[in-house]
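Enquirer: For reference, the chains in residue letters:
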Amino acid sequence: MAGSHDHVEEALPPGKSFADRVYLPAVMRGLKLTVQKFFGTVTDKHATVQYPEVGIYDASEAERAIGHPNPRYRGEHILVKDEQGREKCVACLLCMAACPALCIHIEPEPTPPEWGDRERRPKVFEIDMLRCIYCGYCEEACPCDAIRLTPKFYTPTTSRTERVYDKERLLENNPAAQIPQRPAK
Amino acid sequence: MTEFVLTPGMIGFAATILKALFVIGMALQIVPGCIYFERKIAAYVQHRIGPNRVNFTIGTLRYLMPESMRDVIPEGLARVKLIPGSLQPLADAIKLAFKEEVIPEKADKLLYNLGPMLTFIPVGTALCFLPFGATLIVPDANLFGIEIQRTVIEMSVSNVVPGMLMLLAVSSLGVYGIACGGWGSGSKYPLMAAVRAAAQMVSYEVPLGIAFLIALASVGSLDGQEIVRNQAETWHGFGWLVFRQPLAALIFLVAMFAENNRLPFDLPEAEPELVGGYHTEYTGLKFAIFFLGEYCAMILMCGLFTTLFLGGWSLGPIEPVEVFGSTIEPLITAEGGILNVLLSVAVFTVKMLSVLLLQLWIRWTLPRFRYDQLMDLGWKVLTPLALANLAITAILISKFPNFTFFA
Amino acid sequence: MSHALPVLGDVLERTFSAEVQAEIATLIKRYPEAKATLLPVLRIAEREFGSVDLGSMKLVAKTLDLSPAYVLGVVTFYFHFRRPTDGTFVIEVCRTLPCALRGSDAFAEGVAKKLGIEFGGTTDDGLFTIKNAECLAACDKAPVCHVNAYSWECLDLETFGKLVDDIRANPDGFDLTTGRKTPYPWRAAADPECERTQPEGELDPYYTAMTHEPVLAKRFFNDEAASYEAYVKDGGYVGLKKALKLKPEEVIQITKDSGLRGRGGAGFPCGMKWGFVPSVEKVPGPRYLLVNADESEPGTFKDIRFIEDDPHQILEGAVIGAYAIGSNDIYIYIRGEMRIGADRLEVAIEEAYKNGIFGENALGFGVRLDCTVHRGAGAYICGEETGLISSLEGKRGLPKLKPPFPAVEGVWGQPTIVNNVETLANLPHLFREGLEWYTAIGTPRVSKEVAPPRGRLGSQGPKVWCVSGHVNRPGVYDVPFGVSLRELIESDKFCGGVWGGRKLKGIVPGGSSMKILTNDEVDCHLCYDGVADAGSSIGSAAIFVFDETTCMVNALYNVLRFYDHESCGQCTPCREGAGWITKLVGRILHGHGTMDDLDTIDKLSDEACGKTICVLAEAWSWPATSYMHKYRSEFETYIKTGTSRFAGRLYEPLPSLSKSAKA
Amino acid sequence: MSETTTERLEVPFTIDGASYTALKGETVLEAALRNGYFIPHYCWHPSLSIAGNCRMCLVHTKPGPPKPQIACNTVVSEGMEVDASSEKTLTAREGILEFLLANHPLDCPICDQAGECDLQQYSFDHGRTTSKFSEIKTQRPRHDLGPRIRFNGNRCILCTRCVRFCDEVTGTGELTVVNRSDSAWIDVFPGVPLDNPLSGCTADLCPVGALLDSDWIHTTRVWLLRGTKSVCSGCATGCNVNVEAFDDSVKRMTPRENQPVNKWWMCDEGRDSHREATTDSRLNVARLDGQPVKHQDALEAALDLFSATPAAKIAYLTTGHATCEELHLLETITDGPGGVNYRPDGGAFETLDGFKLSADKNPNRAGVVAVLGDVDAGERVRKGIESGQIELVVVCDSQPGGANWDEGLVEALKGDVKAIVISLEDTWLAQTKQVAFPGLHAIEKDGTFVNQNGRLQRVRAAVSAPGDTRGELDVLQELGRSAGHFPRVLSAGGVFRRLAAASPDAFGGLTYRGLGAVGLPLAGAADQTPADKCQTYYNAGPVSRETRAQDEQTRVAVHRESPLGYGTVRGNV
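Residue numbers (the working numbering), protein chains in the order written: chain A, 1 to 185; chain B, 1001 to 1407; chain C, 2001 to 2663; chain D, 3001 to 3573.
Derived from the structure by calculation, the hints contain no laboratory data.
Accuracy of the hints is not assured; some may be wrong.
[Said to hold, decoys possible] Okay, the calculated beta carbon distance ranges per label pair:
1) 130/A to 1206/B: 47 to 55 Å
2) 3516/D to 154/A: 46 to 54 Å
3) 3404/D to 130/A: 19 to 27 Å
4) 3090/D to 172/A: 48 to 56 Å
5) 3292/D to 1272/B: 49 to 57 Å
6) 2519/C to 3090/D: 34 to 42 Å
7) 2633/C to 3131/D: 51 to 59 Å
8) 102/A to 1367/B: 52 to 60 Å
9) 158/A to 3494/D: 47 to 55 Å
10) 158/A to 3131/D: 31 to 39 Å
[Claimed, not checked] In silico contact screen, one side only, chain D against chain C (beta carbon under 7 Å); selected entries:
11) 3191
12) 3288
13) 3537
Cβ atoms here follow ideal geometry from the backbone N, Cα and C, with glycine treated the same way.
Work the whole structure out from these sequences, hints included.
Expert: See below:
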């Protein structure tokens, strides 16, 4: 149990000196640190980017090595295309089943007969980005590598409907297409 | 023509209303500021920017100018922000005010609605007993045919003699609001938060009260003004209890954090464990009132700490007369004079805000305690220490009644 | 592997003429239900319309009151029907292992080259179609091909080229029967000169009763011997007469005592099998005796000799069997490829009808006894007892679930006995010469007490062996049980040793489904127990020999390809496993194998064995595992280098075949 | 099959050491399934002959040979020890599954069987995680076998259930296996498609996704479907069905087992019957003098009309599609004569195993007789209207396509007689008469039907009605309430209780809840099978479909009801 004495002892800071046990010097050190950080921020620079005025793909920001998203960052989705430029998705609805936020809505339809290589594709593929929690389960559930989460940071919009991405938008949702906007000088 | 006479009663009555408005007004003004600074400090400590969107710009000033002169301000300059994000608290307030009120289906309606009120009312009441400035003396005068009788106005909304005791009594009622809100929400997380809050506040009430007692005992008065004066008059103005009773001051400070549910003792609101704490199920104005009550409680406690341990409104060794010089009319600068009082209020506010700043500072520095650690600290460390301190103080007072260390 | 429906033409409107309808009506009378005549009627349709296309299928379905889909299913199960795209002359070249061992691969390539078409294709003039055939039962005379089901044997490309030219010169009047050759008449019997002395001081049970007089094969390779008169002159139908004097139970008992074991492959005691037929009180209704003349195990060519050269021997045995089990109907199920054999059987049956052996008052007993030849249509699995029953019933030749066993519930739900041709051919001799004479031949049973399956049932009676592959004198040998396998191969009195003076690499002792025996293991005695002790089985007594140059990967692929093609597709493990293992070995053969594949062969075989309705899964997993284990280093080398010593060829051909053959 | 065995002796035997009893002559698989012990299998089906070709049900038996035996063809002998879960049996099973999957494409994402596929289920339960197979898979064709069934050869495991169904149940024999070895597949004779009245059952029988109902494929996934145990309203057979819906629209109807009624089957016509509920010609809105109005307005007008007319002057007209409850209400609230319209007869079909597809296309003709007794086709109503004795007619027409009243009656109705119409379709009556309410289709309403053999079965609402439709039960009770017949509006069950009390001869002793999933026979009915004999141990569809249906976890996961009861998070997912 968490309340057992041993456990508590173990969780205490390792120091056993009086100063450690009084805890106040550590508090003071902590306060000193935060104050340093505080003034450091005031005088130096912020770790954040003025998004969306400054694009996160802005090269200059990347050079400064801050504000550039980690490639493993889970941002907006993209529907992957195959060699012929058609969606890879076969509308298996597994992402829909895996989605904990219920933000994916798919309606399958048979493929045109000339496709040949598969039988079904999505007629409607919608992701409600406002509901999405960017957990990446859809990506994991996808058996065809048809849906991916890109590092693309979401673009602010002024209406909710704009945040419901349809199939065409998801197919074109290339992170490289997110053009950086510099703040006007 | 009968001369209109302003009796001390009438003046006092009017002054009380004005003081009440002032206190509430101040509190309500400090809260948004506090929120803004809290966010800003948090951001800066974390190398972020913080709120910077909602604010006036220099360009806003154009709207105050005649149309022909608007071009005076160049476009570049017009974009410069005046205190970036400064209007964020206003935006928050508007948002909260217009948010839909949602009452959970399984909530106990009465308790649910009572919760925020019970949080705010005791704090508001307690603020009345806080001495926030030097005593104002309205001299006998005849202004524009109105006879004014000499009136002594204490700079606290209510100047009952055991004011500090009242304050202590009333401020501890705040926990009822939290308990009501937590229970009334009909949800398990608020309930757990409420239980935690109740236990925590009851626990820390003990060292807080004892530290309080030490301060009172050291001064020998329950009157707030008397406590401040005592500190100002001892040790050439340096007789602040923080120097005379440092341990008690520390205990009070720590207990104060716990009473206010502030980090590192914010277990009733621990987000990772309890979603939002006791106000999880609240939205809109009820949530705002909870929020307000919480911040007012912070202001109250900081004021109390200022009063008890930091010499209240007194400027320390400096006499206000020295500040203003003797050139100004004694009515204004002398003790009880209006400038003197204003200065003292300013001093009090600055001290109080400093303590408030400390609270914010601590919040972004220390991690949250575990609940058992919290209880250990309260009962096993602070309470015995406070008791010991009290005992020693009591013995010293009884043995050396005139020992200057205390008096 | 074709994975589309064979080209079956259009659904043309067709009708049978009145004569054909009458013919079909007569045919239907020979079977208890009309459905059973499906294969014969399809043959008639093939004859009438030149091929079995969708239109004729629909007509047949209408004639026999079946659903067209059913007929389609049956037709696509069998591979021997003529397709609408086939030319006038369908040339089927045997590519199965025993033939391949004697050069059929090179021959087939030459044929394709000569005709200028791929296998399965038809020449532009519509004259020739070449197809792969599965074992045509002339392994000793390889390379061999069938032209419109007439066998052309001991071919070389020169002869074949001449044949093609002759046909082209005179497509209408060409006599296809001229291709038949019997070049090795002496091979029918053991050399009468051969003397074997009992090894002194040794009590070898296998040699206690050796005889050198050919019994079963005595009248082979003699065109005059097939007639009824010749047969009676040689002592035919004497055994039958003797048997008829006994009660059926006594006949069964004598058969049991004789230790006659089924010669088809499993070696189940014949008398015991007859004994399983329940009494009429228990199961009323007719009993059926089916003669399994569907000899299609690669390497086996003994039954065709009985059928073509001595059909009355089979008929006599069949009548004895029918008498023993109380059957009034004998059906001889013969391979579709054995057209001449079927014709000769028909002739023999006709003679038997005339001489009162069959008919309404058969043998003067006042009971009806009928015998019908039923031609299959090219499916190896119909040689399996229950597959044969299914096929005879006019269905896809799918083996049936056991239980119920055929002896209790067989064809048309009635007690049925299925006996191999050679088994039945033993019976006339048994009853003519008596039990003592019979049991003196071969190796006696060791102990009556020990129960099957390892019960030392002994191997009694005369036996015919088919030897093919890399030996100097391949052929049919009537040698009693007990001779040493090595002696049979290497003795000058028999096969004359491995050809070209090469070393022996291995011998498959009982048809391609049996496990291979390496050079070290071939000292076993040729009898059921002796070969079993060596780790294989006598099977259908089809012995083929690999010389030292043989590539075992190639050989295994050839075997597996056959079984993949012939799996009926019913049971999951066999259907999928045969295809899988064939693809796998084929991959090794093409140089893309990995060492893991060898383990996979093992696991696959293990998982398929014993889990199917019939034993076809064993038939491909036994060779697979035994070839792989016994010649593992060869497989490993192949995988490592991507090819065999002989650049992927099955074996190194002899410089000249004619020189080494002691013809 | 053991059903034909006259002796019902019980034979003790054990499976994995646990004791069970089998009936004499029963196979191991049957006995195990009947005792609730599941042995995986594909090709075996209780209504079909034993093919024994899938080899999935391999078990070891003692006494028995050392090699495994197929449980579907091994008859239980006394004291037999069946080993169905030892290491060697499981290894054998794994091996079979690996073989099955060798040439089976791993296209579950686009396979509409996924989620109720036995191959998937068994692979999950018994299969290996990896396969040794690294060759190129065999390709087999994909085409339509008939108007309803699409065949995907690559997925076929050649269990031949479909072939045997067409041979042994429908007797039409359209299907066959063509070719042999691993290039075999199921096919039809060119030009003779699989087009028998029960062809949809082949898709149900198919344990994998080889045969699929082309009617609903590529529309949704099976795990999203929510089944409702109801009864088909297509004909008087009254097949027990699962009405499977997603997003509040019926995606398909699949049969449920009910031995005396429909065995395991249902006809293609019945499978399509839910489409009658989504036609354009449906009446979706209440009408007052032909104009669309709110339900409440129409109801007030109807109440005025109803209360202004003496009960004796009110007649009713109904159809063979009305539930027993509606019939009872009609009879109760009116005192005048009644008339019933029946749909004309359609095609009938009888399978070799005795499943009868009725020519009578009225699901509740027997119910009309049981509730209303002797009632004609509206002759008395016509006379009443013509003689002026009838002033108001309550028309309850839930027949898809609209009831086809007699010409004389139509003429009479076209006159001045007032009418309150509750109609499924937007008929001329609904458009021209005083008040019209939209009616419900059988997939939208609760109630009971009596099938041709006198079996009383429950219909359950599977989807909600379109628009503002309240349904017959509601409207009729509102009318009856205004006349003081009922104190309050009851559910279908409540009305049934009143019906049972009112007609004790036919419905005596029956309770709505007691009807359960398979219904109960009316007194004196031809079919007197008790409920516990209606279902065997074997379900109608693939084994995994039933598993899915019983899996409450799946249900909750799919529909995501808020644990605090705040409602469904998002209705259409």
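Enquirer: Now, for every hint given, state plainly whether the structure supports it.
Expert: Structure-based check of all given hints:
One distance hint, 47 to 55 Å for the beta-carbon pair residue 130/A and residue 1206/B, holds here, with the actual separation near 48 Å. Distance hint for residue 3516/D and residue 154/A: a CB-CB separation of about 53 Å, consistent with the stated range 46 to 54 Å. Against the hinted window of 19 to 27 Å, the Cβ-Cβ separation of residue 3404/D and residue 130/A comes to about 53 Å, which falls outside the hint. In this structure the supplied range 48 to 56 Å holds for residue 3090/D paired with residue 172/A, their Cβ-Cβ distance being about 50 Å.
Look at residue 3292/D against residue 1272/B: about 55 Å separates their beta carbons, and that is inside 49 to 57 Å. Residue 2519/C and residue 3090/D have their C-beta atoms about 41 Å apart, which keeps the hinted 34 to 42 Å range intact. Distance hint for residue 2633/C and residue 3131/D: a CB-CB separation of about 28 Å, inconsistent with the stated range 51 to 59 Å. Against the hinted window of 52 to 60 Å, the Cβ-Cβ separation of residue 102/A and residue 1367/B comes to about 35 Å, which falls outside the hint.
Between residue 158/A and residue 3494/D the beta carbons are some 53 Å apart, a value that agrees with the proposed interval 47 to 55 Å. Distance hint check for residue 158/A and residue 3131/D: the Cβ-Cβ separation is about 53 Å, which falls outside the suggested range of 31 to 39 Å. At about 5 Å, the closest approach between the beta carbon of residue 3191/D and any beta carbon in chain C falls short of 7 Å, and the interface hint on this residue holds. For residue 3288/D, the interface hint is violated, since its Cβ never comes within 7 Å of a Cβ in chain C; the closest pair sits about 58 Å apart.
With a cut of 7 Å, the hint placing residue 3537/D at the interface with chain C is violated, because the nearest CB-to-CB distance is about 22 Å.
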